[in-house]
Amino acid sequence: MSEHSATPSPSRYTVADRAPRKLSAFLLRWESILVMMLAAVIIGNTLKSPYFLDPFNLADATYNFSEKAIMALIMALLILVREIDLSVAAIVALSSLAIGYMGAAGYGPVALIATGLAVGLVCGAFNGFLVTRSGVPSIVITIGTMSLYRGIAQVSLGDQALTTYPQTYLDLGQSYLFNWPPTPLSFFLFLVLAFCFAIFLHKTSAGRQLFAIGANPVAARFSGIRVDRIRLILFTLSGLLAGLGAVLLTARIGVMRPNIALGWELDIITMVILGGVAISGGVGTIGGVVLAVFVLGLATFGLALMNVPGIVINVLLGLLLIISIAAPILIRGQSGRR
Amino acid sequence: MSIVLRYREAILALIIALMVTGISLYAPPFGTLSNGVGVLNDTAFLFMMALAQMIVILTRGIDLSVAANLALTGMLTGMFNMVFPDLPALIYVALALLIGGGLGLINGSLIAFLRIPPIVVTLGTLAIFRGTIVVVDGGSQVNTSDMSSTFSGFPKLELFGLSSVFWIAAIVALLAWLFLGQTRSGRGLYAVGGNPVAARYCGISLPYQQMLAYGISGAVAGMSGYLWVARYGVAYVEIASGYELTVIAACVIGGVSIGGGVGTVAGTLLGALFIGVIVNALPVMQVSPFWQMAISGAVILAAVIINARAEGRALKLILPEARRAAAQAKR
Chain C
1448 MSEHSATPSP SRYTVADRAP RKLSAFLLRW ESILVMMLAA VIIGNTLKSP
1498 YFLDPFNLAD ATYNFSEKAI MALIMALLIL VREIDLSVAA IVALSSLAIG
1548 YMGAAGYGPV ALIATGLAVG LVCGAFNGFL VTRSGVPSIV ITIGTMSLYR
1598 GIAQVSLGDQ ALTTYPQTYL DLGQSYLFNW PPTPLSFFLF LVLAFCFAIF
1648 LHKTSAGRQL FAIGANPVAA RFSGIRVDRI RLILFTLSGL LAGLGAVLLT
1698 ARIGVMRPNI ALGWELDIIT MVILGGVAIS GGVGTIGGVV LAVFVLGLAT
1748 FGLALMNVPG IVINVLLGLL LIISIAAPIL IRGQSGRR
Chain G
3 MSIVLRYREA ILALIIALMV TGISLYAPPF GTLSNGVGVL NDTAFLFMMA
53 LAQMIVILTR GIDLSVAANL ALTGMLTGMF NMVFPDLPAL IYVALALLIG
103 GGLGLINGSL IAFLRIPPIV VTLGTLAIFR GTIVVVDGGS QVNTSDMSST
153 FSGFPKLELF GLSSVFWIAA IVALLAWLFL GQTRSGRGLY AVGGNPVAAR
203 YCGISLPYQQ MLAYGISGAV AGMSGYLWVA RYGVAYVEIA SGYELTVIAA
253 CVIGGVSIGG GVGTVAGTLL GALFIGVIVN ALPVMQVSPF WQMAISGAVI
303 LAAVIINARA EGRALKLILP EARRAAAQAK R
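Quick note, the sequences are listed as chains C and G, same order.
Read in order, the letters of the first sequence correspond to residues 1448 to 1785 in the working numbering.
Read in order, the letters of the second sequence correspond to residues 3 to 333 in the working numbering.
If we strip away everything but chain C, and leave its shape as in the complex, we get:
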């Protein structure tokens, strides 16, 4: 008998500084699973298509998900605090409309960008105001504002399109920020914002407050966290980043129609959920969301390279979403059933 076990511990509980590091726990972490999925996607695509690993192809692939990915970052924070913003794609439409009108009126790129961001900010703040003041669940409020914002875009434009933009503005969305490695502006912004969001959420006390709200909003309020103010800020930020998405998207495609970014809210929520953010709040990491963005983006790109039709890709991504959420539940349910 060792001396250690002979002396009885004064406390009935052992409090460790950190959880014990176990290989199985590490491998079953959501981020580890995502890394494996990402590796599988990259290896599979490289074997299937010689064009997949070409840097210029990959750079072009990022165009298709960077705007959504930027909006997924803030959606992750909203879902973390048990809220949701279904109106983001409609805000993109409304911001893009304002950008289109400013472009048609002959303003320069700075004015266009400022308008896009400002419209997004106002829409987001309006969402936040309604959610915090009415006490109605944000899913209902943002279904309403989604119709309202996209409705305004439809009323103003009907079946027309806005296509006049200054060339310097279009260059933002259509040229590389650096030529080597080829990096589009939207992808660069996504990486920078992801870094900022990760530092904020995981390394600051304000970030910890979001987890507290998500775990228990009432307890968080009684602990002195200004829950409603934080909700308002998050919704406003969601609008602002949707405005940024509109600036980048409009510059990239160079045309504004009322159905722009239609259905993006569901793509963005898929990114966030696959990233391991619990829809019931309080659980999630930015790292997970970034990995999910790459898994979804590269899988879509690889399937498109293999000439799989877009709607079939949607089926596969839907299956991926459900299986990836169901599999850990099944595994855990069998090992840990009481």
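Please keep in mind that the hints were generated in silico from the structure rather than gathered at the bench.
From the three backbone atoms N, C-alpha and C, an ideal C-beta is built for every residue, glycine too.
Certain hints may be false.
To give an idea of the chain C side of the interface with chain G (calculated C-beta under 8 Å), a few residues [claimed, not checked]:
no., residue
1, Val1583
2, Val1587
3, Gly1591
4, Val1602
5, Gly1765
6, Leu1768
7, Ile1778
Starting from the structure of chain C, add chain G where the hints point.
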């Protein structure tokens, strides 16, 4: 004020009546009986689908896959009709109920047994159902010329000027009213949504209630799929795209609480009628149809905010002590 607002359905009915009167004064053709019949026929799909969605929302769930289910079941029924034409229409209805109900039970089992949140499951199956249409038909369409007369004729049958789709919606409404008010399973839906823990202690099984709710939702969506395809004479990938949000909007306007446990058949029907009146009034008033979306958005916001204020004052709790405690907790 609070006493008046408690009769939410009455208020909503009054608003619809005022709206219809106003529109008829502005554009007299709207007030005619034949137009009223037209509005009811047009809104029949929304009546059924909103009632089914309400049953899901009562359990604190949501079913985003209904429009995709409608399109997929419609397509499958249409393709079945090409292989077996000239069967009695009721066989197509039964088949659509089965396919739709089966798809709904897929949702239900993922939600009830794997405990995945409903919004995640139905978001996934929305994409899967919609995409499966292309996989089964290879991207083509089923047109009127491919449909047999019994298949495409059924939704156009009329009784008292109202289409068979409307009468089916009326039967669905009657059944929903009896089911929710008079049966153990129906009351159980309110119980699991109102307080899942208490419901569990009363011996009400949450998985059973969820399977029931998503099964019903799927079956109604599937039946609407057959009727939709037969009535509009075409089945392809995009039919009823985005319709799930209109359906949810009808529920929300009708006073169904997204938090579960609150909602009535009458309220939901009025919510659907409200949207139906707006949709049909715009062309009569020569307003651009593009206004429809913006108006429904504004109306949803107004309705939910008024509802929230009413709910805050008049909580529907069973015990007076609980009501007082809740009122204090609110403060």
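Hint check results:
1. Val1583: holds, 5 Å
2. Val1587: Where the cut-off is 8 Å and the nearest Cβ of chain G is about 5 Å from C:Val1587, the hint holds.
3. Gly1591: Status holds, d = 4 Å.
4. Val1602: holds, 5 Å
5. Gly1765: holds, 3 Å
6. Leu1768: Hint holds; C:Leu1768 Cβ to chain G Cβ min 4 Å, cut 8 Å.
7. Ile1778: Check failed: Cβ of C:Ile1778 comes no nearer than 11 Å to chain G, outside 8 Å.
In terms of the numbered hints stated before, the structure departs from hint 7 and from no other.
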